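Asks: In this note's numbering, the protein residues as written are 145 to 372.
Source of the hints: derived by calculation from the structure; they are not laboratory data. It is possible that part of the hints are untrue.
[Stated by the list, open to error] The calculated label-pair distances, taken between Cβ atoms and stated as ranges, are: (1) LYS338 with PRO263: 17 to 25 Å; (2) ALA149 with SER325: 37 to 45 Å; (3) LEU172 with GLN232: 43 to 51 Å; (4) ASN240 with ARG152: 19 to 27 Å.
All of these numbers come straight from a predicted model, not from anything done at the bench. Glycine included, every Cβ here is placed at the ideal spot set by N, Cα and C.
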Amino acid sequence: MLQIAADRRLRARDERDVRAIATRMFRLGDNLAPFYTMIENDPDLQWARAGAGRMLASPTVFEDVIRTICTTNCAWSATTRMITALVQLGGGAFPNPSLLARTKDAWFADVARMGYRGPYVRAIAADVVNGKLDLEALLPEHGLGEDEVEERLLALPGVGPYAAAHIMQLLGFHHRLILDSWTRPTFLKLSKMKRASDTTIRRRFARYGRFAGLAFWLYLTRRWHEEA
DNA sequence: CGTCCAGGTCTAC
DNA sequence: GGTAGACCTGGACGC
């Protein structure tokens with residue numbers, strides 16, 4: 145059960161918005177039943193049938209895209225620093241595209257210290273504002289195919305194979321594996337393999353079909369769930 | 001102090 | 001289509 149508390153009575157319209165945001169953040173629209181059936185007798189993953197597999201998303205696709213760009217090619221400490229700065233800019237909430245589009249380059253460089261990512265983020269925000277880019281249309285309920293969604297994500301500046309796979313997991317497309325400098329060594333450790341190319345890893349998870357990426361992620365994060 | 005690299009991507013061959 | 005080199009930043013590490 146999911147309970148949402150508010151400090152006041154919500155108007156009908158606000159309540160609808162809150163429901164939509166919660167549905168999006170917890171990926172309540174995802175149907176993982178086929179995946180759970182798939183892992184019924186899977187020694188590595190059957191534990192996940194208890195309800196695992198819904199990665200926490202942001203209220204908007206835009207926010208997930210920008211956050212993910214802030215994870216690329218830097219230490220995790222840098223990611224949290226950049227995102228903390230963005231939330232400060234937004235006055236405690238993640239800044240919307242309009243605010244980011246009209247924020248000066250100098251802020252991205254000197255305050256958020258986002259380096260080369262700053263212009264990428266601004267360009268994406270500007271395209272959302274001027275209507276050239278509709279990121280929210282990438283949500284699975286809008287009917288675009290997985291390949292089409294991936295293609296559109298890869299077209300964004302700063303979004304490559306890793307970022308696209310990561311964002312797609314958050315959207316509810318579970319095919320692509322998130323391969324980066326954390327998942328690769330973690331896979332080696334857990335599988336007790338000495339080395340494994342990306343192709344080898346993909347082959348290992350190909351049997352999960354369109355849930356291959358989700359299976360890979362759950363395989364890697366099993367210990368996170370045991371703690372809880 | 002210089003080099004390397006962290007939850008990669010882009011450009012130019 | 002596949003692969004070097006460059007790229008902001010800052011923390012870790014060797015010298």
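Asks: Now tell me, hint by hint, if it's right for this structure.
Replies: Now the hints, each set against the structure:
1. For the pair LYS338 and PRO263, the beta carbons lie near 41 Å from each other, so the given range of 17 to 25 Å is not met.
2. Hint check: ALA149 to SER325, Cβ distance near 39 Å, so the stated range 37 to 45 Å holds.
3. Between LEU172 and GLN232 the Cβ separation comes to about 30 Å, which falls outside the hinted range of 43 to 51 Å.
4. For the pair ASN240 and ARG152, the beta carbons lie near 23 Å from each other, so the given range of 19 to 27 Å is met.
Against the hints set out earlier in the document, violations occur for numbers 1, 3.
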